[in-house]
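Protein chains in written order, with our numbering: chain A, 860 to 1227; chain B, 350 to 859.
Hints listed in this document are in silico derivations from the structure and should not be mistaken for laboratory results. We put the beta carbon where it would ideally sit given N, CA and C, even for glycine. Treat the hints with care, since some could be wrong.
[Claimed, not checked] Label pairs and their computed distance ranges (CB to CB):
1) B:Lys625 to A:Leu1168: 56 to 62 Å
2) B:Ile856 to A:Asp1077: 51 to 57 Å
3) B:Asn633 to A:Ala1002: 43 to 49 Å
4) B:Asp637 to A:Arg1167: 50 to 56 Å
5) B:Glu782 to A:Ala1002: 56 to 62 Å
6) B:Glu520 to A:Gln1032: 38 to 44 Å
7) A:Met1034 to B:Gly522: 54 to 60 Å
8) B:Arg557 to A:Met1034: 45 to 51 Å
9) B:Ile856 to A:Arg1149: 18 to 24 Å
10) A:Val979 to B:Ile856: 34 to 40 Å
11) A:Glu1094 to B:Ile856: 53 to 59 Å
[Unchecked claim] One side only, chain B facing chain A, incomplete, derived with CB under 7 Å:
12) Asn509
13) Glu593
14) Met596
15) Lys597
16) Gly857
[What the hints assert, rightly or not] Anything over 10 Å on all C-beta distances counts as not near chain B; from chain A, calculated:
17) Asp892
18) Pro946
19) Val965
20) Ser967
21) Val974
22) Leu997
23) Ala1004
24) Ser1005
25) Asp1090
26) Gln1108
27) Ile1192
28) Asn1198
29) Leu1209
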Amino acid sequence: MLLHISDTHLGKREYNLDSREEDVYNVFEQLMDEAIKERVKAVIHTGDLFDVYEPSNRSKLVAITALKRLRSAEIPFISIPGDHDTPKRKGTYTHKLLREVGLLEVLSDLKEPRVIEDGVRVNIFGSPHFPTSSKEALKDDLAHASPREGRNVLMLHQGLREYLPYDNSWQLQMMDLPQGFNYYALGHLHSRKKVIMPDGSLLAIAGSPEIMRREEIDDWRRDGKGAYLVDLSKEEPNLHKVDIEVRPQQICEVESQRLEDEVQSLIKELRNLPRKPILHIILTGTSMERAKVMKILSRLAEVTEHYRLEDRTVLAKGIRSDVRSMGANEIIIDYLRENGYNQEEISQILQLLESEEVEEQLKRFAGL
Amino acid sequence: MVLGHVIDEADTISALAITSSKLKLGTYTILEYDGYRVLGLITKVSRGSPLLNGSIRDPDAAERISNMRSNSSLKFPEYTTVRVKLLCNLNDPDLLQPDLPPPPGTPLREPTDDELSQVFSNGDLRLGKLVGSDTEVRIRLRYLTRHLAILAATGSGKSNTVAVLSQRISELGGAVVIFDYHGEYSTSTMKNINPIQPKLNPLRLTAREFATFINIRENAFVQYRILRSIWNSFKESLEKEKKEGEMKLPSSAQEFVERLKSLVETQSESGKKGSKDTVAEVLNKLEDFADTYSSIVDFNAKDVVDQLKLGQVNVVDLINLDEEAMEALVSHYLRRILENGKLTKSAKLRGESHNFFPVVVVLEEAHVFLPRGGSTLVKFWASKVAREGRKFGVSLVIVSQRPKGLDDNILSQMTNKIVLKIVEPTDKRYILESSDNLSEDLVEQLSSLNTGQAIVVGKIVSIPAILQVDKFDGILGGSDPDILGDWRRAREERESTLQVGRRISQIGDL
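One chain only, chain A, in its complex shape (with noise of 0.2 Å):
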């Protein structure tokens, strides 16, 4: 038996709240828990581990402790490193770190399988993450990757076509990978994903145990959050869903003038909940004074760790900028065509923005 995990982000702190950085490194300990309990044979990591390739101290020191948990119950961590925990320039991974201690073991070559005793002898091939621009030479590793003896397992961090279909977001379609596997290991991905291909062999994504975005409280609510447990006793796979309690979040769309009702009936319903939520108040119809808005919803503080505001109310006659499905990428080319870029000059921005020194500068504004 096999836990698979991925995406744990440590050290992410959305909206710059001490709890919500508790919340990530709360449930990776819920995961080593539920891998010590289960008395699995390895715990396969399949990328983002941290949430950034230079990671705190702090969140460290809860990957530190947490290993340590799992390594004297004689776990193996077997991880590869995930775009997050990719250096951006020369510099390096985190992972290393860990493994220099002996707290885990890294995946850095598909010719070389780590191998693990659980019944039968289990394969595990594993590589880093890929960027796009290097998906050419992810493929042909991949082609070079050859099955064994007994069961064997990939594990990979990169953007599936199939589910990211935009442009530059994905590396690999399912066609792209290797055959002969009977568990491929997914991450990057945050919601949780099952496949089950043509030869019998099982694809999975495992997703984020945590709400790392606000987008993934649908798929939460519908798959919800964690790890699979895999059991490769068997030619065919069999997937177990191990869920982790997570902090509750809510979208709440709400029209202006009925704000202070559906406040009112917001704070009987989520004073029953186990835990503190975080809500997403989403405000359409007319607009209304940002004070007046504000005072309303300070009513909420009690009931929830932390609420938020979208206004998407019509100010008078301007009109409110439809919300697209698109990609970053094309929402900024949008606005430079508008604003008279013309396309080689779009293409020199959008690699500008791409580099280290852009999304620090960001980082810093958005005081993240």
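Assemble the complex: chain A is given as a structure, and chain B must be docked to it using the hints.
Same frame as chain A, now just chain B:
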């Protein structure tokens, strides 16, 4: 210099001559007699010796006699006889064939440059040089209205010939339209290219044309009836919108068909037309139309005749279209061009001016559009151009590497022909059968032509000529690709992609 003398009985078509010089096949010669100055073409060459004739039965004797030949002190009796085809009388202003055969003993001499030019260089457009000489071959463009077929095996210089012809017509201020099947010309370095977007504006279609495009057969009266009435009400509705000041043209074939469909539905609701099945059939065909022709339908497309430019090679790039769309486009364009020629002519008769000019239309891969047997819409309009085009200034040039796949009616109306190397015997026979002005001895030579060499027959030349077509001084898109180079480049590109990709993915220290 006297090259030889006529022997044996001659007639007005050919003569036999004996010579001691080495006359080559395909060279020209002059015979002067009785006030005639006749240009002849050597069509057969034989060599022999009375000492080594066919009756020798003793090999030793043959060897001994042969040794005599290498002994330079003896003059070994040998001769060459040539068959001279009598082409025309240069003293005749119309360059007619002589009506009197040359008497025996008539001397053969080399033609002067002037004499050859008189025959071959009296046209307007230089196509190339006479094989084996520096004499220019110029064709007479006014006879191009009797249409032209350019026939050749693949790789023998067809596209080059079309390119040379088209570019030079445009340089002379004429207008050529090429239906560019392979995208060779639109991507070529030809000067004066005027690219024409391969678009079809449904508003310019007749109901019948549209019916053909959507596959309503001629005997499907009810379907045609339904289509015709919705077609007309569609046009009326546009007219009405136009009057009311707010016209919305469909932006795609799909939208167009949706609008037509809604008309079908309102009309069939009123209950008078067609059974349900027939209506469904029409709807199906309309939807198929949207799928098949979406690439070429454009309600804002200019009429092709308004896009044609004088002094330009107008190229319609068909490369991205599938066969049905090509067929629709070519037939429609042919129709528009011919109709405009007619309009111009009648306007002129009424003393009005109409701004249209003669056009040379080049149809590549003609065997696809004008197949033997079966009827296609292109064939209908091409035959019409072949029959009537001459009157209205529309010349058709059809180009094909599969002559026997061509409609024989149309081919026989292409009275001018430029035939490059053809080896296939049935092709040769087919060309011979469909040409009045091509003789068997010329057709026989087709196999022995080199790349770029061609036989020209028809009124565009005074007499049939074998010429080396000039090389088009540019690059044609259709030239054979450098496949090895392309493979190598693709591999290098991939290797560098992999290398760079690996470097990027290994930027961190793991």
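Inset, instruction - Sort out which numbered hints this structure fails and list those numbers smallest first. - result: Violated hints: 2, 6, 9, 11, 12, 13, 14, 15, 18, 19, 20 and 22; rest satisfied.
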